[in-house]
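If you read the protein sequences in the order shown, they are chains P and B.
Residue numbers 0 to 329, in numbering that gives the first Met the number 0, belong to the letters of the first sequence in order.
Residue numbers 0 to 339, in numbering that gives the first Met the number 0, belong to the letters of the second sequence in order.
Treat the hints as calculated values from the structure; they're not laboratory data.
Any given hint could turn out to be false.
Within a straight-line C-alpha distance of at most 30 Å, the following computed DSS-like cross-link-like pairs (lysine-lysine) qualify [to be verified]:
id, chain 1, residue 1, chain 2, residue 2
1, B, Lys218, B, Lys164
2, P, Lys138, P, Lys174
3, P, Lys270, B, Lys55
4, P, Lys127, P, Lys138
5, P, Lys108, P, Lys125
6, B, Lys90, P, Lys270
Not close to chain P: a few residues of chain B, all C-beta gaps over 10 Å, as computed [said to hold, decoys possible]:
id, residue
7, Pro18
8, Arg23
9, Thr86
10, Phe113
11, Asn159
12, Gln174
13, Leu215
14, Lys218
15, Tyr258
16, Ser268
17, Ala272
Even glycine gets a Cβ: it sits at the ideal position worked out from N, Cα and C.
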Amino acid sequence: MPGPLLGVHDLKTQFFTPEGVVKAVDGVSFELNAGETLGIVGESGSGKSVTAMSIMRLISPPGRIVEGRVLYDGRDLAKLSESEMQGIRGESIAMIFQDPMTSLNPVFKVGWQVGEPLMLHRGESKAKAFASAVSVLAKVGIPSPGDRARDYPHHFSGGMRQRAMIAMGLTTTPKVLIADEPTTALDVTIQAQILELLRTVNREFGTATILITHNLGVVAGMCERVMVMYAGKVVESGPTEDVFAHPTHPYTWSLLRSIPRLDAERHEPLKPIEGLPPDLIDLPSGCAFHPRCPFAIEKCSRDVPPLNRVGDSQLAACWVTQSGTELPHA
Amino acid sequence: MPETVQAPTLTRAWTAAEPILSVRGLKKWFPVSSGVLQRTTAHVHAVDGVDLDIMKGETLGLVGESGCGKSTLGRTVIRLLDPTAGTIRFKGEDIARKHGGALRSLRREMTMIFQDPYASLDPRQTVGDIVGEPLDIHGLARGRAREDRIRELLNVVGLNPGFIKRYPHEFSGGQRQRIGIARALAVEPSFIVCDEPISALDVSIQAQIINLLERLQSKFNLTYLFIAHDLSVVKHISNRVAVMYLGKVMEVAPGSELYRRPRHPYTGSLLSAIPIPDPLIERGRERVILQGDVASPVNPPSGCRFRTRCPRAQPHCAEEEPPLEAFGTEHQAACFYPLD
């Protein structure tokens with residue numbers, strides 16, 4: 000069996016600020032297989048976006064990848080020179096961002112921007128790249144793409160811009176597409192359109208997709224596997240169905256109980272996670288979640304739990320569940 | 000002599016059996032100017048003929064996509080914006096044209112909680128001054144009594160009363176939203192417009208604020224107009240939910256009924272677009288994915304405004320605007336070809 004398409008090993012990315020060192024990503028490891036959809040869930044500051052930016056080598060000072068390997072196609076992306084990395088970025092691994100307004104250049108026509116990766120990576124002529132851009136815009140569902148390719152980004156609605164961003168990511172048919180909160184700025188009916196488009200892309204092009212989101216519902220509908228992050232660390236990962244059905248980390252467990260569900264039958268008070276997200280400069284000792292954890296034992300405030308197998312298919316970084324205790328059914 | 004400084008007299012005694020807020024034919028248009036002379040050339044029909052009733056102690060949820068006019072409606076019913084047309088009866092009295100002192104006394108009855116806890120608090124004011132400002136404006140408390148009241152308010156919203164001298168930047172998003180809630184409660188209002196109060200907060204903090212709002216409602220017998228784009232949250236907190244599209248209310252019903260049996264095709268597609276955090280349910284769900292984008296509120300479509308995206312639209316929908324009609328006792332929808 001061939002190895003994984005992308006392997007991240009003990010990645011650490013830190014930001015050296017005047018207030019102190021922010022350990023944004025603190026020893027993250029995971030693998031992505033060809034054609035797979037992986038969801039990364041977490042709140043702001045959990046390190047999910049910085050993980051993606053580190054894979055793409057888009058971290059700029061005061062931030063720096065201080066440790067770890069990002070293996071893709073037999074090479075460690077963390078060690079590549081900037082010019083070597085440019086051959087990967089947009090060619091083999093593409094990324095789309097939350098806010099399509101700020102990630103499209105307002106002074107260039109959409110068609111040129113979508114076709115740009117082809118000129119950069121394939122040396123195609125301007126005219127040929129533009130023609131390819133028009134056909135990709137058609138594939139992502141932009142109506143009358145020939146005309147719209149000559150428009151500027153401000154002529155596009157939010158959903159259309161996100162389609163254009165996805166089109167830009169797809170021109171070179173990359174192996175990996177990283178989508179960082181691609182629907183957070185969009186309305187739900189437009190979100191449904193974009194998620195449907197990402198599903199189609201994954202199915203038809205076989206593009207492995209990493210979907211970064213804070214929305215557990217989006218992950219439930221989109222991803223085969225999910226990875227939950229808290230305070231720069233992976234706290235749980237596994238097949239989406241298993242993680243949602245029986246979470247093995249108290250943070251995942253609490254998060255699933257705290258959100259109101261559209262299909263809830265009766266009105267019951269929500270069960271919030273008490274306390275506040277941690278300060279990344281001054282993390283709690285031991286497990287970063289222990290001050291908010293309803294199951295914490297003495298060891299949790301002392302030692303950092305490693306990410307280990309719990310149950311048949313899941314990994315969890317929790318002393319309590321690793322010792323065999325099952326979390327109660329929600 | 001006594002009638003000079005009395006509270007505004009009601010035309011007719013209002014009883015709690017009637018809606019605390021009753022809106023009829025409410026419109027709020029914003030002018031669009033263009034050209035060298037900046038002449039008004041068109042209007043954004045942000046709220047374009049809305050009828051709504053809210054009962055005392057009720058939470059009416061208001062959902063819709065960006066640009067549907069839900070925030071404008073919320074601001075207009077408490078007179079932060081002047082209505083273009085229509086009536087707003089609050090406790091039996093039409094407040095749509097009130098101004099001056101009468102409007103100021105209205106501000107003690109109706110307040111607002113804002114979306115962005117980072118932008119809605121003055122960074123140079125202490126927490127005490129932010130929460131105390133409404134007390135000063137309305138002359139409600141002074142000196143020691145003022146400070147006691149501020150401490151009490153902080154305590155009520157779950158903040159340490161010792162934070163009174165601190166500044167907003169020292170607090171997290173959830174704590175700032177608590178400060179905003181304390182400020183809204185300072186005047187002891189009976190009606191609060193909550194405009195996306197949790198959408199800027201982290202997921203793990205949202206439930207804390209929702210529970211706080213529910214606790215405060217029963218403690219102080221508050222009436223809420225709860226505006227949000229997240230229908231799961233709105234359904235959870237509301238007694239009834241109104242769905243808006245392009246300046247119009249398309250459907251009103253109790254939340255669970257709306258979810259079980261939506262009658263308006265827009266509500267149906269909105270519900271099917273909302274992801275449910277359960278992979279097994281998500282896999283089996285049928286989605287009605289709407290085509291295209293919302294039409295322009297400057298030039299809304301003729302007839303039913305939703306017809307340009309509606310999977311059930313007929314020629315008739317372009318000719319006549321469907322009125323809100325009853326589907327059962329508490330359920331209304333504006334559609335000629337409703338869902339079963």
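Results of checking the hints against the structure:
Under the criterion of a C-alpha separation no larger than 30 Å, the hint pairing Lys218 of chain B with Lys164 of chain B is consistent with the structure, at around 27 Å. Restraint check: the Cα-Cα separation between Lys138 of chain P and Lys174 of chain P comes to about 17 Å, which is no more than 30 Å; the hinted pair holds. With a C-alpha separation of about 27 Å, the suggested pair Lys270 of chain P and Lys55 of chain B falls inside the 30 Å cut-off, and the hint holds. As the CA atoms of Lys127 of chain P and Lys138 of chain P are separated by approximately 17 Å, the hinted pair is consistent with the 30 Å bound.
With a C-alpha separation of about 13 Å, the suggested pair Lys108 of chain P and Lys125 of chain P falls inside the 30 Å cut-off, and the hint holds. The suggested pairing of Lys90 of chain B with Lys270 of chain P is violated, with an alpha-carbon distance near 35 Å, which exceeds 30 Å. Non-interface status of Pro18 of chain B relative to chain P is upheld: no Cβ of that chain comes within 10 Å, the nearest being about 22 Å off. Remark: the non-interface label on Arg23 of chain B is consistent with the geometry, its nearest Cβ contact in chain P lying 28 Å away (cut-off 10 Å).
The non-interface label for Thr86 of chain B is consistent with chain P: the shortest C-beta to C-beta separation is roughly 31 Å, beyond 10 Å. No Cβ of chain P comes within 10 Å of the Cβ of Phe113 of chain B; the nearest lies about 19 Å off, and the non-interface call holds. The beta carbon of Asn159 of chain B sits about 13 Å from the closest Cβ of chain P, which is more than 10 Å, so the claim that it is off the interface holds. Gln174 of chain B, annotated as away from the interface, has a beta carbon of chain P within 10 Å; the closest lies near 8 Å.
Listed as a non-interface residue, Leu215 of chain B keeps its Cβ farther than 10 Å from every Cβ of chain P; the least gap is roughly 13 Å. Every CB of chain P lies more than 10 Å from the CB of Lys218 of chain B, the least distance being 14 Å, so the non-interface label holds. Once the 10 Å rule is applied to beta carbons, Tyr258 of chain B is inconsistent with being away from chain P; the minimum gap is 6 Å. With a least beta-carbon separation of about 6 Å from chain P, Ser268 of chain B fails to lie farther than 10 Å from that chain, contradicting its non-interface assignment.
Listed as a non-interface residue, Ala272 of chain B fails to keep its Cβ farther than 10 Å from every Cβ of chain P; the least gap is roughly 4 Å.
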